[in-house]
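The primary structure of each chain is shown beneath.
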Amino acid sequence: MTSDSRLEKVLAQGEFAVTSECGPPRGVDPDSIRDKGELLKDSVDVVNITDNQTSVVRMSSLSACVILKQLGIDPVLQMVTRDRNRIAIQSDILGAAALGFNNILCLSGDHQKFGDHGAAKNVYDLDSIHLIQTVKHMRDEGKFLGGDELKGVPRLFIGAAANPFADPFEFRVTRLAKKVAAGAQFIQTQCIFNIERFKTWMEQVRERGLHEKVHILGGVTPMKSIGMAKYMKNMVPGMDVPDELIERIKGVDKEKRAQEGIKIAIETIQQLKEIEGIHGVHIMAIEWEEMVPKIAEAAGLLPRPQVN
Amino acid sequence: MIIGEGKPIKDILFMIQNYSKVIVAGCRGCVTVCSAGGEKEVEVLSSALAMARENEDKPLEIKEVTLERQCDPEYLEQMRSYIDEYEAVVSIACGAGIQFMAEKYPKIPICPGINTNFIGVTEEQGVWSERCQACGNCKLHMTGGICPIARCSKSILNGPCGGSADGKCEIDPEVPCAWQLIIDNLKEQGRLDQLEVIIPLNDWTTSRDGGPRKIIREDLKL
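If you're matching them up, the sequences are chains Y and G in order.
In this text, residue positions in the first sequence follow the working numbering: the first is 2, and each later residue adds one.
In this text, residue positions in the second sequence follow the working numbering: the first is 341, and each later residue adds one.
Some hints here could point you the wrong way.
[Stated by the list, open to error] Pairs of lysine-lysine residues, derived as DSBU-like cross-links and limited to a Cα-Cα distance of at most 30 angstroms, are as follows: (1) Y/K295 / Y/K257; (2) Y/K122 / G/K447; (3) Y/K122 / G/K561.
[To be verified] Below, a sample of chain G positions facing chain Y; criterion: calculated Cβ distance under 7 angstroms: (4) V373; (5) K494; (6) G503; (7) A505; (8) E510; (9) Q534; (10) L535; (11) I556.
Hints listed in this document are in silico derivations from the structure and should not be mistaken for laboratory results.
Every value quoted in this text rests on a predicted model; they were computed, and no experiment measured them.
Ideal Cβ placement from N, Cα and C applies to all residues, glycine included.
Hey, can you work out the whole structure from these sequences and the hints?
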């Protein structure tokens, strides 16, 4: 074991992992995190806290992770390289470990253009692959990037993201291989709406034997409405929402569309369970966290296993 | 070359509102090529300023001059004989030229008449785009001759990120994804294996982050 991560243990036991995430509030209220955490607590193994996702300013991931930890949840600290240089990044990694966090998800982050502070200067001292290398270097070599010895190493389970739907398609697996070579131990993928394309990507993953080197968790997001599906399709970078999916939701009565979205999510999870090399799911129910236990239950993912 | 773009005339009028005798100084270097600060632009800007001030009933006396280069002391020196007769200089050279003018003539206020945008190329008549960020540590041999620091919106050294779609960048469908271009180039050359290599984290000391930069060539000094 490289960490005390509940996720690492669940995966090591060969169990199908379930992770979820919540976005911190755009204010100071800790209860909004607690409420989401309580909803997710018994249905998932770990909970990611996003880091100023879509470049909209929110409560820091580090702080929101503390609040989750107080509930007994093992949080996954998401960290983007957009807003921090290597000094701040290493400092936050030390802090995360000192606070007892066991998981980190290394990301580059959405460009600030998407958020509410488009005039900001971005940092990008490191990219997401460098961030993975940094955490691994600190943990396994016990050294800072600058070369000095750490006094106590951060025992973190290292995660990264993969987007099988971004372009160029043929290069996405190469990039995953680079993340694995850098030290990623688990991967949470972008939301999967186009399962056929995802299967093709997984074939390529298996061809390179990457499924044996890293735990891949498929990303699942329930669609609440036609509006959300269209927004995801047209406005969110790197999202592949097939027209058939939109048509399917459109095909049911308006009041039943959310239910149809849930149904699709459950079906997706069931299909993912059948794919060789998929070791779990990452359920991203955006501002709809109360649906996660229902989806997990219906997909046969409960109860979550005990770990030592 | 260095690409610049004229500032709005109202901004320049605001900068020189308290002066009645100014020099409008152009440069025959980069800014002439990108039609932002050459002799022609000096002429056009001067007549626009004069006309606007005429309309305000606050006439402006303008001396038009276009130096060979404003980033070179020998050419800046050519203004020494008459500069004291004026109250301000509107320079439409790049930021380096404007600053060198200010440095050589510290007593006279210098107003920037253009914005300096980037180091770039002429894609076609009237279209310029960025190519280089002058990071001081060129890696173009590793990236198919396309610079990810200058041309990827996130300056990612191991791209493309998850925001690349249809060969375009997530920030704007008009902006090509630099990493798509890199992949296309390496594919064409049969060098895709290059992309399996992790480009290590960058040493930014040669970039602006290391502080203002200076090069001294002893072999060339007089």
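Handout entry: Interface hint outcome for G/L535 [beta carbon to chain Y under 7 angstroms]
Key = holds (6 angstroms)
Practice task
Take the C-alpha atoms of Y/K295 and Y/K257, compute the straight-line distance between them, and say whether it is at most 30 angstroms.
Solution key: holds (16 angstroms)
Handout entry: Given hint G/G503 near chain Y, where the shortest CB pair must fall under 7 angstroms
Key = holds (4 angstroms)
Problem - Interface hint status, G/Q534 versus chain Y (Cβ within 7 angstroms) - result: violated (11 angstroms)
Handout entry: Interface restraint verdict for G/I556 against chain Y (beta-carbon cut-off 7 angstroms)
Key = violated (28 angstroms)
Handout entry: Satisfaction of hint between G/K447 and Y/K122, Cα-Cα up to 30 angstroms
Key = Cα-Cα ~34 angstroms, so violated.
Practice task
With a cut-off of 7 angstroms on the beta carbons, see whether G/A505 makes it to chain Y.
Solution key: Holds: closest Cβ of chain Y sits about 5 angstroms from G/A505, inside 7 angstroms.
Practice task
Report holds or violated for the interface hint on G/K494, using the least CB-CB distance to chain Y and a cut-off of 7 angstroms.
Solution key: Status holds, d = 5 angstroms.
Handout entry: Residue hint G/V373, partner chain Y, criterion CB-CB below 7 angstroms
Key = violated (29 angstroms)
Exercise for the section: Mind checking the alpha carbons of Y/K122 and G/K561 for me, to see if they're no more than 30 angstroms apart? Expected result: Violated - the C-alpha atoms of G/K561 and Y/K122 are around 38 angstroms apart, more than 30 angstroms.
Exercise for the section: With chain Y as the partner, please determine if G/E510 meets the hint condition of a C-beta pair closer than 7 angstroms. Expected result: holds (4 angstroms)
The earlier numbered hints that this structure contradicts are 2, 3, 4, 9 and 11.
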